[in-house]
Amino acid sequence: MSLDVKNLQCIRGDRELFTGLSFKLEENQLMMLEGENGSGKTTLLRALCGLYMQDEGDILWDGLSIKKQDEEYRKQLLYLGHLNGIKADLTVLENLRINSALLGDVIPINILMDALDTIGLYAFEDFPTSQLSQGQKRRVALARLLISKAKLWILDEPFVALDIAAVELLQSIIANHVDNGGMVILTTHQEVPLTSGKIKRLSLNKQLLNNDGDS
Amino acid sequence: MFSAFWILLKRDLLLALRRRSEIFTVLFFFLIVISLFPLGVGSEDATLKKIAPGVVWIAALLASTLALDRLFSNDYLDGTLEQLTLAPQSLSIMVFAKMIAHWLLTGLPLVIVAPLVGLFYHLPTDTIGVMMLVLLLGTPVLSMIGAIAAALTLGLRGGGVLVSLLVLPLYIPVLVYGSGAISTSMVEGLSIQPYLLLLSAFMLLALIFSPWATASALKISLE
Chain A
13 MSLDVKNLQC IRGDRELFTG LSFKLEENQL MMLEGENGSG KTTLLRALCG LYMQDEGDIL
73 WDGLSIKKQD EEYRKQLLYL GHLNGIKADL TVLENLRINS ALLGDVIPIN ILMDALDTIG
133 LYAFEDFPTS QLSQGQKRRV ALARLLISKA KLWILDEPFV ALDIAAVELL QSIIANHVDN
193 GGMVILTTHQ EVPLTSGKIK RLSLNKQLLN NDGDS
Chain B
4 MFSAFWILLK RDLLLALRRR SEIFTVLFFF LIVISLFPLG VGSEDATLKK IAPGVVWIAA
64 LLASTLALDR LFSNDYLDGT LEQLTLAPQS LSIMVFAKMI AHWLLTGLPL VIVAPLVGLF
124 YHLPTDTIGV MMLVLLLGTP VLSMIGAIAA ALTLGLRGGG VLVSLLVLPL YIPVLVYGSG
184 AISTSMVEGL SIQPYLLLLS AFMLLALIFS PWATASALKI SLE
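Going down the list, the sequences are from chains A and B.
Sequential numbering of the first sequence, starting at 13, is according to our numbering.
Sequential numbering of the second sequence, starting at 4, is according to our numbering.
Just so you know, not all the hints are guaranteed correct.
Chain B side only, calculated, beta carbon under 7 Å to chain A, not exhaustive [as the list claims (entries may be wrong)]:
#1 Ile-10
#2 Gly-82
#3 Leu-225
Stretches of chain B that chain A covers, calculated by requiring three or more beta carbons in the stretch to come under 8 Å of a beta carbon on chain A [claimed, not checked]:
#4 17-26
#5 88-94
Here are the simulated BS3-like pairs of lysine-lysine, each with C-alpha atoms no more than 25 Å apart in a straight line [to be verified]:
#6 B:Lys-13 - A:Lys-149
#7 B:Lys-222 - A:Lys-163
#8 B:Lys-13 - A:Lys-87
#9 A:Lys-18 - B:Lys-222
#10 A:Lys-87 - B:Lys-222
#11 A:Lys-79 - B:Lys-222
#12 A:Lys-80 - A:Lys-161
#13 A:Lys-149 - A:Lys-161
#14 A:Lys-36 - A:Lys-161
#15 A:Lys-36 - A:Lys-149
#16 A:Lys-149 - A:Lys-212
#17 A:Lys-163 - A:Lys-149
#18 B:Lys-13 - B:Lys-222
#19 B:Lys-222 - A:Lys-80
Simulated from the structure, these hints should not be mistaken for laboratory data.
Bear in mind that the values here come from a model prediction, so they are computed numbers and not experimental data.
In this text, a Cβ means the ideal position worked out from N, Cα and C, and glycines have one as well.
So that you can see chain A by itself, here it is in the shape it has in the complex:
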């Protein structure tokens, strides 16, 4: 499986965010998306999810355009944006249960509880998320990573609001996913040390595209 981006162009209003953007992401690869504020990182990630319609170019999953695959592609995709996507009036466990059920998997309650323990929300399961701190809310959203069966993770600034321990935990979760044949695309200023697999870098700064800046 691979994600293939060909000649992507996105224009916001009069401003050209990027043009002629091409890259390929394969299994066991992590892509760090770099760029100054306003360079179009989030727009690119949203375009990759199908939330934003690109002006030109193609995004292929497994050789087929993501527009044509629709639900098949979304099954393989997990997106975490700036917003956590959790309801303030629901408890931590209810949020995770509903979010995972909508992904189409019926996940037993003990696995959900284990995921919450791992992510550091032990004993908070029955708290309404409105009573949690910013970092804890982020952890509720991140708990989805632990139960997801998606191959491709698209994470927009996943480390925001997390404390040092949580940052380390998330780094290891990401490394583990890449290790197991997953693909991750993320924007961050934080390094993610991998145990295996490959890190690609893509910079959106002033059209200087380091497509082959592998390390």
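Given the coordinates of chain A, assemble chain B onto it according to the supplied hints.
Just chain B now, with coordinates in the frame of chain A:
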């Protein structure tokens, strides 16, 4: 496919239970508008009977637009709507679940309090029955048409007022035939069947097109 429908329906009902005030604001708005009319136009039996059908429906339209604002905006603001569109399920089905939940919370209560309105306006028992029936047929149409407009204006500044401007003209057929049925039922020897058939037709039409149209509008609004 239907599991997504139930999950979302249950979620929205659960959320409403945790925030009961939102259900009651719509209901009380409806009751207050209705009780204002006798105070303004006088309480003679004949006058009240004449205005009752129109008043009930106009109050229902206004109450329904009042609640539309919340249909998608909460989900939009906390990012759950974004996650819904990315879930590997049909967005139309999920949108339909949200419409049904919205109707159960804002439309159905109006049907249930309709007998009370009948008492305010000295309506005969048969007419109260007809009023409940047409409200039952008409209010889902209001929720479903309203959802399209709510999806289109999502994330816009001043979206609340814009929604009213967009949907109120579209509600006119429901208003005309809904109140027509109630007036007709008070006249001896006239059948209300044509009104009921037309209202049912509106409902079927809305059932078919609105989930699909709302889902498309949401995708545009989220871009």
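Each hint tested on the structure:
1. A least Cβ separation of about 5 Å between Ile-10 of chain B and chain A falls short of the 7 Å threshold, and the interface hint therefore holds.
2. Of the supplied interface hints, the one on Gly-82 of chain B holds, with its beta-carbon coming within about 3 Å of a beta-carbon of chain A, less than 7 Å.
3. For the restraint placing Leu-225 of chain B at the interface with chain A, the shortest Cβ-Cβ distance is roughly 6 Å, inside the 7 Å limit, so the hint holds.
4. Remark: the stretch 17-26 of chain B is confirmed as covered by chain A, as 4 of its residues place a Cβ nearer than 8 Å to a Cβ of that chain, reaching the required three.
5. For the stretch 88-94 of chain B, the stated coverage by chain A holds: 6 residues have a C-beta nearer than 8 Å to a C-beta of that chain, and at least 3 were required.
6. In summary, the hint linking Lys-13 of chain B to Lys-149 of chain A is supported, as the alpha carbons are separated by about 22 Å, within the 25 Å threshold.
7. Of the supplied pair hints, the one linking Lys-222 of chain B and Lys-163 of chain A holds, its CA atoms being roughly 24 Å apart against a limit of 25 Å.
8. Note on Lys-13 of chain B and Lys-87 of chain A: the hinted pairing holds, with a Cα-Cα distance of about 23 Å set against a maximum of 25 Å.
9. A C-alpha spacing of about 23 Å is found between Lys-18 of chain A and Lys-222 of chain B, which places the hinted pair at or below 25 Å, so the restraint holds.
10. For a cut-off of 25 Å, the pair hint linking Lys-87 of chain A to Lys-222 of chain B stands: about 18 Å separates their Cα positions.
11. Of the pairs offered as hints, the one joining Lys-79 of chain A and Lys-222 of chain B holds, with about 13 Å between alpha carbons and a cut-off of 25 Å not exceeded.
12. Straight-line distance between C-alpha atoms of Lys-80 of chain A and Lys-161 of chain A comes to about 21 Å, which keeps the hinted pair within the 25 Å bound.
13. Proposed proximity of Lys-149 of chain A and Lys-161 of chain A is supported: the alpha carbons are some 22 Å apart, at most 25 Å.
14. A threshold of 25 Å between alpha carbons decides the hint, and for Lys-36 of chain A with Lys-161 of chain A the separation of about 21 Å falls inside it, so the pair holds.
15. Between Lys-36 of chain A and Lys-149 of chain A the alpha-carbon distance is near 33 Å, which puts this suggested pair outside the 25 Å criterion.
16. Only pairs whose Cα atoms come within 25 Å are accepted, and Lys-149 of chain A paired with Lys-212 of chain A is rejected, the gap being roughly 29 Å.
17. Restraint check for Lys-163 of chain A and Lys-149 of chain A: the C-alpha separation of about 24 Å stays at or below 25 Å, so the hint holds.
18. In summary, the hint linking Lys-13 of chain B to Lys-222 of chain B is supported, as the alpha carbons are separated by about 23 Å, within the 25 Å threshold.
19. At most 25 Å may separate the alpha-carbon atoms for a hinted pair to count; Lys-222 of chain B and Lys-80 of chain A meet this at roughly 16 Å.
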